[in-house]
Amino acid sequence: MTRFVHRLTISIYSITILTLFIILGFNGFSFYILPIEERFFHPLYSLLKPSGILGHGLGIIGTLLIIIGVFSYMARKRAKRFSRIGSMKYWLEFHIFLCALGPVLILYHTSFKFGGIVSVSFWSLIAVVVSGIAGRFIYLQIPHSIEGRILSLQEVLDMKEEMITAFKNNYNIDISDLNSLNFKLFETKINTKNFAKGEYQKVKRLIINQRKLVRRIDRLDQMQNVFKYWHVAHLPFALITLIIMIVHVVVVLALGYKWIF
Amino acid sequence: MKFVRLLTLVSTILLGSWNNYGQISPGELSKAHQFLEGVGNCTKCHDLGNKVTREKCLDCHKPIKIEIDQKRGLHSTSALLTKDCFICHNEHHGRNFKMLKFDTATFNHSNTGFELKGSHTKKGCEVCHKSAFIKDTELKKNNSTYLGLNRECLSCHEDFHKGKMAANCLNCHGFDTFKKAAGFDHNTTKFPLAGKHKTVSCEKCHISNALNSNNESRYYGLQFTNCASCHKDVHEDKFGQDCKKCHTEESFHTLKANSNFDHNNTDFKLYGKHQMVDCKKCHKTNLIDKIKSDHCFDCHVDYHQSEFRKDGLSPDCDQCHTTNGFIESTYSIEKHNLLKFSLDGAHMATPCSECHKLTEQWKFTKTGRFCLDCHKDIHQGLIQEHYYPQQECLKCHTTESWKSIKFDHSETTFKLTGAHAKTLCRNCHFNIGEGDIIVQKFRGLSTSCLDCHKNIHGTQFEINGKTDCLRCHSSESWNNLVFNHDSARFKLDGAHKNVKCMKCHKQNTNVTEPTIMYKTNMLNCSDCHK
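Respectively, the protein sequence lines represent chains A and B. Note that this note's numbering has the first sequence beginning at 367, numbered continuously upward. Note that this note's numbering has the second sequence beginning at 285, numbered continuously upward.
One or more of the hints may lead you astray.
[As the list claims (entries may be wrong)] With a Cα cut of at most 35 Å, we get these calculated DSBU-like pairs of lysine-lysine:
id	chain 1	residue 1	chain 2	residue 2
1	A	Lys-594	A	Lys-455
2	B	Lys-647	B	Lys-679
3	B	Lys-641	B	Lys-557
4	B	Lys-529	A	Lys-479
5	A	Lys-479	B	Lys-349
6	B	Lys-576	B	Lys-529
7	B	Lys-446	B	Lys-385
8	A	Lys-555	A	Lys-594
9	B	Lys-679	B	Lys-775
10	B	Lys-414	B	Lys-425
11	A	Lys-479	B	Lys-679
12	B	Lys-594	B	Lys-706
13	B	Lys-690	B	Lys-660
14	B	Lys-328	A	Lys-624
15	B	Lys-641	B	Lys-574
16	B	Lys-401	B	Lys-482
17	B	Lys-464	B	Lys-349
18	B	Lys-367	A	Lys-624
19	B	Lys-382	A	Lys-479
20	B	Lys-482	A	Lys-479
21	B	Lys-522	A	Lys-479
22	B	Lys-594	B	Lys-679
23	B	Lys-349	A	Lys-624
24	B	Lys-419	A	Lys-624
25	A	Lys-624	A	Lys-526
26	B	Lys-315	A	Lys-479
27	A	Lys-624	B	Lys-706
28	B	Lys-315	A	Lys-624
29	A	Lys-624	B	Lys-690
30	A	Lys-479	B	Lys-385
31	A	Lys-624	B	Lys-346
32	A	Lys-479	B	Lys-576
33	B	Lys-574	B	Lys-522
34	A	Lys-624	B	Lys-382
35	B	Lys-355	A	Lys-624
36	B	Lys-464	B	Lys-382
Note that these hints are calculated values from the structure, not bench results.
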């Protein structure tokens with residue numbers, strides 16, 4: 367996947383989530399802002415209520431999106447059979463897309479009515495989403511292979527040495543002392559070499575990447591600890607959401623609310 | 285180990301949340317159903333696999349079920365009969381949710397089987413839907429129910445008639461107002477309404493019964509065989525009790541065209557033109573109010589504007605007029621002769637209007653009583669004043685006729701004798717002047733015969749230039765001579781007595797005016813004889 371296609375995909379993901387959030391919010395704004403006691407008398411009640419044609423549908427579709435997003439990602443991550451299908455990075459992005467879009471739909475399914483045990487599921491879901499967003503940033507701080515595998519400290523240090531050597535040989539610049547605080551110094555060094563414009567940009571990017579790598583190496587131990595704890599938050603809440611959602615679905619089906627079926 | 289820790293964490297959170305929320309309800313139940321809160325109660329309303337069914341609702345809401353079974357009330361209408369209860373009465377919207385909330389302004393009450401009409405549409409729901417009107421003891425306890433009312437009027441309204449009338453109020457009363465029994469047809473009673481009786485308010489006849497503490501009107505047991513049962517006999521029985529002989533039910537003041545009413549039975553009998561006058565001319569307000577009728581001017585305007593007022597009192601019109609018409613008058617000559625100017629002679633035959641002239645209106649009292657107030661003095665300045673002092677016509681004339689003269693001519697220097705006494709005045713005093721104008725001549729007339737008479741004898745008999753006719757003629761007649769031939773120079777005797785005058789006194793034709801010659805100087809025989 368080229369950088370452009372990747373960026374386009376990310377944009378489509380974001381726009382889809384944002385657009386759906388705005389459209390659904392705008393469409394039902396007058397209904398959602400009403401107190402619970404008055405909603406029944408709103409003209410959109412039968413459409414937007416949690417058991418309404420649209421409300422119920424949003425719940426079902428949102429749930430399915432989450433299930434697909436979670437389990438497809440888990441399968442790619444854990445099952446050897448799927449370990450070679452696509453890059454983990456893209457799968458993670460797809461996981462994030464579906465697991466962000468799904469809660470948006472479920473949010474409108476709840477019609478902002480949070481009560482009973484179902485709300486535990488919902489708030490857990492929110493916790494999962496929020497922790498997912500946080501995890502996404504933590505994840506970025508930990509070096510990964512192209513496939514998304516977390517690299518060991520030695521692998522990362524080797525990468526750093528390789529780059530120092532490459533710079534020495536190719537550009538005669540010593541970047542062994544590069545860290546997050548002295549980037550300006552190396553920028554001045556590059557300027558004195560009188561590289562062609564294209565070459566200059568390439569070298570500068572390599573220097574920036576090297577600085578990121580040095581910074582991540584510095585924080586690696588710390589980030590790996592944080593990531594360990596993050597899993598403790600993300601996974602249990604996801605599980606709680608799943609369990610209560612199953613209870614919710616079972617009860618609803620038992621009482622005869624089958625949407626369009 | 286890791287999995288065990290995870291499971292413990294999840295279980296802790298789940299149990300904790302279960303304690304907090306304790307249910308899987310989508311929201312709190314309303315106050316009416318709050319006793320059904322809790323997981324164990326879901327199926328009391330919800331049918332497994334079949335949402336919420338009518339049957340479940342009606343199992344509890346028995347009064348509704350009874351209404352539906354009896355096919356009455358809002359819930360038994362075709363629109364609602366097969367509808368799920370939760371379509372209108374939803375739940376899980378919080379404690380304060382009003383399950384019975386509906387727009388009372390637009391609610392079609394006809395759907396309940398009891399259409400609101402008239403005054404019912406102006407009342408608030410709570411006026412009727414209150415426990416006081418509900419018979420069912422269970423429903424009566426519920427202050428907010430709309431059930432339990434009966435369609436019978438008396439289930440809400442007090443029986444105004446205290447059971448004396450039919451129980452179905454609608455037989456007579458409408459929904460707009462109780463007082464106007466619009467649906468009641470009085471013609472179905474023994475006293476059908478006609479004329480003004482149709483528009484008169486019920487209370488006029490059905491007056492409140494003073495004996496009744498509720499001030500209830502009487503609608504039964506009223507006497508109506510006679511008009512006087514309700515109406516006052518303003519005629520005080522003068523015309524009997526059968527009012528309909530004269531009056532109609534349209535109006536007391538409108539009399540029947542074929543009415544037997546005789547005005548002459550009243551104190552004011554109608555004569556003459558009064559018989560033709562429209563009743564309203566006199567009875568301006570109504571026919572029964574007493575009218576003052578002692579004098580004509582109680583009704584009529586005094587045309588003469590108190591002209592005949594005397595000592596502050598005007599005589600009534602009937603002194604001169606009758607009811608046959610104002611123009612005709614009964615004022616007689618005899619009455620006129622009681623006045624200062626009595627009528628006699630031609631005045632008796634003279635129309636009143638000849639003296640009492642119409643100016644702005646007829647005047648009677650200020651007409652003068654002297655001749656010249658009416659007549660013209662044609663002799664003014666032509667007759668000496670001492671012959672008719674103060675231009676008193678009656679000195680010479682009478683009221684009989686202008687031509688009838690009673691003047692004593694002997695008052696003058698020329699006493700009338702003989703034929704003069706028989707001669708008309710005009711023969712001596714009136715001359716025909718130029719243009720056939722009569723010229724009066726009373727002044728300056730002499731006693732000489734020749735001032736009036738013509739001298740046909742010329743100057744034959746003049747003595748000192750004057751001819752005295754009376755020496756030969758008398759005033760009796762021209763031909764009645766006082767002349768004696770024997771006193772003349774030639775006495776007649778013998779055969780001369782029998783000779784005709786003309787034999788001796790020939791006509792002289794030699795002059796312009798031929799005259800008979802009486803002085804002939806033929807005194808000798810030979811003057812005549814041969």
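Checked hints:
1. Pair hint A/Lys-594 plus A/Lys-455 holds up; C-alpha atoms about 19 Å apart against a cutoff of 35 Å.
2. Restraint check for B/Lys-647 and B/Lys-679: the C-alpha separation of about 29 Å stays at or below 35 Å, so the hint holds.
3. Only pairs whose Cα atoms come within 35 Å are accepted, and B/Lys-641 paired with B/Lys-557 is accepted, the gap being roughly 26 Å.
4. A hinted pair counts as satisfied when its Cα atoms are at most 35 Å apart, and B/Lys-529 with A/Lys-479 does not qualify at roughly 88 Å.
5. Straight-line distance between C-alpha atoms of A/Lys-479 and B/Lys-349 comes to about 33 Å, which keeps the hinted pair within the 35 Å bound.
6. Simply put, B/Lys-576 and B/Lys-529 have alpha-carbon atoms about 26 Å apart, close enough for the 35 Å limit, and the pair holds.
7. Distance restraint check for B/Lys-446 and B/Lys-385: the Cα-Cα separation of roughly 39 Å exceeds the 35 Å cut-off, and the hinted pair is therefore not satisfied.
8. Under the criterion of a C-alpha separation no larger than 35 Å, the hint pairing A/Lys-555 with A/Lys-594 is inconsistent with the structure, at around 40 Å.
9. Proposed proximity of B/Lys-679 and B/Lys-775 is contradicted: the alpha carbons are some 51 Å apart, above 35 Å.
10. A threshold of 35 Å between alpha carbons decides the hint, and for B/Lys-414 with B/Lys-425 the separation of about 10 Å falls inside it, so the pair holds.
11. Under the criterion of a C-alpha separation no larger than 35 Å, the hint pairing A/Lys-479 with B/Lys-679 is inconsistent with the structure, at around 140 Å.
12. Our distance criterion of 35 Å between C-alpha atoms is broken by B/Lys-594 and B/Lys-706, whose separation comes to about 51 Å.
13. About 19 Å separates the Cα atoms of B/Lys-690 and B/Lys-660, which keeps this hinted pair within 35 Å; it holds.
14. Taken as a hint, the B/Lys-328 and A/Lys-624 pair is honoured in the structure, with Cα atoms around 20 Å apart against an allowance of 35 Å.
15. For the hint pairing B/Lys-641 with B/Lys-574, the CA-to-CA distance comes to about 39 Å; that exceeds 35 Å, so the pair is violated.
16. Distance hint between B/Lys-401 and B/Lys-482 is fulfilled; the C-alpha atoms sit about 25 Å from each other, no more than 35 Å.
17. Distance check on the hinted pair: B/Lys-464 and B/Lys-349 sit about 39 Å apart at the alpha-carbon level, beyond 35 Å; violated.
18. With a C-alpha separation of about 19 Å, the suggested pairing of B/Lys-367 with A/Lys-624 holds against the 35 Å cut-off.
19. For the suggested pair B/Lys-382 and A/Lys-479, the alpha carbons sit about 18 Å apart, so the restraint of at most 35 Å is met.
20. Using a Cα cut-off of 35 Å, the hinted pair B/Lys-482 and A/Lys-479 is violated, with the two alpha carbons roughly 68 Å apart.
21. Simply put, B/Lys-522 and A/Lys-479 have alpha-carbon atoms about 94 Å apart, too far for the 35 Å limit, and the pair is violated.
22. Of the pairs offered as hints, the one joining B/Lys-594 and B/Lys-679 holds, with about 34 Å between alpha carbons and a cut-off of 35 Å not exceeded.
23. At roughly 29 Å between alpha-carbon atoms, B/Lys-349 and A/Lys-624 fall within 35 Å of each other, so this suggested pair holds.
24. Straight-line distance between C-alpha atoms of B/Lys-419 and A/Lys-624 comes to about 44 Å, which puts the hinted pair past the 35 Å bound.
25. A hinted pair counts as satisfied when its Cα atoms are at most 35 Å apart, and A/Lys-624 with A/Lys-526 does not qualify at roughly 58 Å.
26. Between B/Lys-315 and A/Lys-479, the direct Cα distance comes to roughly 19 Å. Compliance with the 35 Å bound is thereby established for this hinted pair.
27. Proposed proximity of A/Lys-624 and B/Lys-706 is contradicted: the alpha carbons are some 158 Å apart, above 35 Å.
28. Our distance criterion of 35 Å between C-alpha atoms is met by B/Lys-315 and A/Lys-624, whose separation comes to about 28 Å.
29. A threshold of 35 Å between alpha carbons decides the hint, and for A/Lys-624 with B/Lys-690 the separation of about 150 Å lies outside it, so the pair is violated.
30. This hinted pair checks out: A/Lys-479 and B/Lys-385 have alpha carbons roughly 21 Å apart, not beyond 35 Å.
31. Taken as a hint, the A/Lys-624 and B/Lys-346 pair is honoured in the structure, with Cα atoms around 30 Å apart against an allowance of 35 Å.
32. For a cut-off of 35 Å, the pair hint linking A/Lys-479 to B/Lys-576 is broken: about 95 Å separates their Cα positions.
33. As the CA atoms of B/Lys-574 and B/Lys-522 are separated by approximately 14 Å, the hinted pair is consistent with the 35 Å bound.
34. For the hint linking A/Lys-624 to B/Lys-382, the alpha-carbon distance of about 27 Å falls within 35 Å, and the restraint holds.
35. Of the supplied pair hints, the one linking B/Lys-355 and A/Lys-624 holds, its CA atoms being roughly 33 Å apart against a limit of 35 Å.
36. Between B/Lys-464 and B/Lys-382, the direct Cα distance comes to roughly 40 Å. Violation of the 35 Å bound is thereby established for this hinted pair.
Checked against the numbered hints listed earlier, the structure breaks hints 4, 7, 8, 9, 11, 12, 15, 17, 20, 21, 24, 25, 27, 29, 32 and 36; every other hint is satisfied.
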